[in-house]
Amino acid sequence: MKKTSLPKAIQHPTWFSIGILLLAAALTAACGGSGAPGASAPGPEAGPGKKNPGAPPAMAEVSVQTVRVRKISLRRDVEVSGSLVASDQARVSSEVAGVVRQVLVDLGQEVAAGQVVVRLDTRELELALERARSQLRQTEAQFGIDGVKVTEPPDNEQISSVRLAMANRDDALAQLRRARRLREQNLLPQADLDAAETRVKVTEAGYRTALESVQSLRATLQERRHAVELAQKKLNDSQIRTSISGQISERLVNQGEFIRENTPVVSIVKMNPLKLETAVQERYAGIIRTGLPVEFSVESSPGKTYSARVAHISPSVDPATRTFAIEVLVDNGHRQLKPGFFAKGLIYTHQDENVPAIPEYAISTLAGISNVYVIEEGTVRQQPVTLGSRSGELVEVVEGLAGDEVLAASNLTMLATGVPVKIVGTAPAASPLTENRQEEGR
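Under this note's numbering, think of the first position of the sequence shown as 1, with each following residue one higher.
Hints are computed from structural coordinates only; laboratory data are not their basis. A couple of the hints might just be wrong.
List time: in silico DSS-like cross-link candidates among lysine-lysine, alpha-carbon distance up to 27 Å [unchecked claim]:
(1) K344 to K270
(2) K338 to K270
(3) K71 to K422
(4) K304 to K344
(5) K304 to K270
(6) K338 to K304
So the derived label-pair ranges between C-beta atoms look like this [claimed, not checked]:
(7) P293 to E124: 50 to 60 Å
(8) P293 to I369: 34 to 44 Å
(9) A285 to D106: 39 to 49 Å
(10) D318 to R131: 51 to 61 Å
Ideal placement from N, C-alpha and C gives every residue a C-beta, glycine not left out.
Make the full structure from the sequences, and use the hints.
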């Protein structure tokens, strides 16, 4: 096996040790001498009046525009949405069965209350009326008053059958009185007296029967008068009339169609006024009242606003939604709105004065926290704020500012508490809404 030979310097230890010492001396000289551990010779910049290169650099000024907190008048509103519905609507139905002879209206047509919209064939109804009238005339004739149209049943004494029965009874009574006088004088046999008494009983029974017949006839007369009235009503009902004024929203039958009683023929909606049906959260129950003005818009008229007023308020809150229903009355004389439109609007509740507000561009938001930078003696201080309603380009400050501060309005991402700033001008003015309105809770 071949051995590996070491370098000659290592083979002579004396010379190896001397080399190590010389190398250490050279390194010490290069490091500036052999002072105490950790000591170093002063450099050329370490003299008096020189900055320590290890100190942090001074913060540079940030150029900013400024804006002052404003006090504005803020109109408070509650946001609502809902559907427009007709203030009144009706489905007109036929009260009689029959064949449709005419449909007199079309979809969208304006109609007045009581206007005829459908006519039915009347031939069978006219025949029924004539039959009822004929039966009535027969009953009236049985009362024995010929040629006289009675409106009320006559007195019993006017009925011929009653008059005859009454006359027979009265004659029998008179004959009985005469027979009794003669019998007292022994001028009349007992058998004749008995016969007179029997005749009285028979005639009284006949009179009672006549009265009962008349009572039955009176009931028949009344029944047949009602039959005539009903037949006349059915004939009148063959002309189907509207119950309200409005516009035809549905036409449900056609000419020649047979319809039964209670069959709908048209639907009508009253177009003016309309109602906006909506609901408001229960926390607004104390400020919503009838008569409050409402402004709303619909998708069919972009940019157009309609005015209305709160008309009705529900007295109870829905426990499932924690809202209460309201109805807003809408003037629709212009006919631009239709039932079923979806509307979004605001209920004006009150006006607040001297509300602190700032432009949105003066607000810095990080992790959901809103801050502003208040300028104080050439530096800025970061100030958290609680924001409220918006009005145009301004945002209400609910908490965090007194109302007279000057704020940084530009280069917000370069600012932090203590950063010096250089004011280079005033930011463009921001304006609230023209009417200074804003919905509550937004």
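Evaluated hints:
no.: 1; hint: K344 to K270; verdict: holds, 22 Å
no.: 2; hint: K338 to K270; verdict: holds, 10 Å
no.: 3; hint: K71 to K422; verdict: holds, 26 Å
no.: 4; hint: K304 to K344; verdict: holds, 12 Å
no.: 5; hint: K304 to K270; verdict: holds, 23 Å
no.: 6; hint: K338 to K304; verdict: holds, 15 Å
no.: 7; hint: P293 to E124: 50 to 60 Å; verdict: holds, 57 Å
no.: 8; hint: P293 to I369: 34 to 44 Å; verdict: holds, 36 Å
no.: 9; hint: A285 to D106: 39 to 49 Å; verdict: holds, 46 Å
no.: 10; hint: D318 to R131: 51 to 61 Å; verdict: holds, 57 Å
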